[in-house]
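S.K.: Sequence order for the protein chains is A and B.
Position 20, counted from 1, in the first sequence is what the UniProt record's numbering calls 20; the numbers after and before it change by one each time, with no gaps.
Position 273, counted from 1, in the second sequence is what the UniProt record's numbering calls 273; the numbers after and before it change by one each time, with no gaps.
Source of the hints: derived by calculation from the structure; they are not laboratory data.
No residue lacks a Cβ here, since even glycine has one placed at the ideal position from N, Cα and C.
Be aware that one or more of the hints could be misleading.
To be verified - Where chain B lies over chain A, by a calculated footprint (3+ residues, C-beta under 8 Å):
(1) 35-41
(2) 200-212
Stated by the list, open to error - Distance ranges between label pairs, derived from CB positions:
(3) A/Gly-16 - B/Gly-123: 18 to 24 Å
(4) B/Met-1 - A/Asp-129: 32 to 38 Å
(5) B/Val-87 - A/Thr-2: 34 to 40 Å
(6) A/Arg-106 - B/Val-87: 22 to 28 Å
(7) A/Gly-140 - B/Gly-161: 43 to 49 Å
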Amino acid sequence: MTAAVLARDLEVSLGGATILHGVDLTVDHGEVVGLLGANGSGKSTLIRALVGVVPRERGTVELLGKPLGRSVAWQRIGYVPQRTTAATGVPSTAAEVVMSGTIHGRRLLPPRDARSRAQAALEGVGLADRADDAVRDLSGGQQQRVLIARALVRRPELLVLDEPVAGVDLPSQDAFAGALRDLSDRGTTILVVLHELGALTPLVQRAVVLRHGSVVHDGAPPPARGEHAGADHDHIHPHAGDRDQTDETHGLAPSVRWRP
Amino acid sequence: MVDEVAGMLADPLMQRALIAALLVGLAAPVIGTYLVQRRLSLLGDGIGHVALTGVAIGWLVGNVMGLTESDALAVPGAVVAAIIGAVAIELVRERGRTSGDVALALLFYGGIAGGVLIISQAGGTSANLMAYLFGSISTVTTGDVWLTVVLSALVLLVGVGLRTALFAICHDEEFARAAGLPVRALNITIAVIAALTVTVAMRVVGLLLVSALMIVPVAVAQLVTSSFRRTMATAMGLGVVVCVSGLSITYWQDVSPGAMIVVLAIAVYAVVAVGGSLIGVMRRRSPHDPHPQVADDVHLAPR
């Protein structure tokens, strides 16, 4: 059986700077893999190179057994980009944005039941009652959920998410973790970029840590550091705060540097 | 009054002009919606400038071939130049924005200057270009009407038929790429239908005002709608209304149809914008808490 995601010797340059050096990554079917690293370690670039958004300098990528390109079964892959704003020049409703997820490389016209599928996907992220509202009127966290629904509307086998819980409040993070658990239980392969494991800790089976554009760890998720490492520590506070910031610097990336 | 309108509708010249205006009013806002969506409102203007060189080249070729009507090839010339220009602009845009801005400017000014230079070589004068710059709907021939019908049908077919795919790439190009959509082909499709729209609208409002017909109805529509589909439909309806009524006014008043149509559209924008903000003020008076009730509220120490 082939892997869901297979990258070999991946090198990516953006604006003259080499962002990724010889990255190897394998994600097996049904696995939940977290991609961790400090800001600027190249984790977003890696995930964007995997789905073909940024060009590769060198190396190969296979998705669901097919080399990156037209032959990939795009209808089985859901991608959630890092949140920018989901609103653009012309107003569009949440349902319209989600419906744009029903088309892909092999289907330029939406299916007949696109509208009801979009409604179901919005229901899945708790926004059923906002389907006809303009995306620009939704809050940041709600816009993020619209983007997740857009990826889920095609019922993907492989879900690729770029920092889906950044800036999302705790109950929403927990709800999101629950939704991912359901998908994972049904066999969905999940590759998720995270700044920290947070609410997803119990879900992530394997962690890949990037530092300066290279993989420095591939295996068990790294334990939380400092006060979070205590056996009886109840992890109720995974987000923000200066303490976490320090932990991050000590634990995963001793020498954090901004890269372009 | 009824007699006057019947007289207008019986005039074959007005009939042709009205058909052209109706089709242009319907087609221009379709592509305009995509351009506004990706914040390329001025693309139509750029294509219009380039199309002027096409008009002059068509004229030159017509003269060289010794055609009796020296401007017979002006519209085909404009179509070819507009498509080449639009695709070039799209490819420049794809490379990166900073240099693209300057490259676009070069293309715009090159288009106007090239048109003026070439028309003088073709034995015409800059005055001959005026008809194309500001429109000359009163000289629309039966052949022009058929060309308009075919080109607008193509624009409507692609612009409305492929709307989900075109919406996807205009809304979020990164997601479209990650969905395996043929992003470049679709971008070039938008550029080509924009070019066709410019040349279709050239006879009605003129190259300098084409962009207004694409953008202003969309600007009005998005003031009152919250969905992409309804914005496009409203803009199309509005485009038809201002084109047909603007043209009809010129049957009685001796003014430029293109300018009349654009002024009407902008007047509608002004009325809707002012009306909309008045309604907004009235709504704000009603007691309604826009903040949702969420579980994760900040816990404050009881005092």
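S.K.: Please go over all the hints and tell whether each is borne out by the structure.
M.R.: Outcome of the hint check:
| no. | hint | in the structure |
| --- | --- | --- |
| 1 | 35-41 | violated (count 0) |
| 2 | 200-212 | violated (count 0) |
| 3 | A/Gly-16 - B/Gly-123: 18 to 24 Å | 51 Å, violated |
| 4 | B/Met-1 - A/Asp-129: 32 to 38 Å | 50 Å, violated |
| 5 | B/Val-87 - A/Thr-2: 34 to 40 Å | 39 Å, holds |
| 6 | A/Arg-106 - B/Val-87: 22 to 28 Å | 25 Å, holds |
| 7 | A/Gly-140 - B/Gly-161: 43 to 49 Å | 34 Å, violated |
The structure fails to meet hints 1, 2, 3, 4, 7 from the earlier list, while all remaining hints are met.
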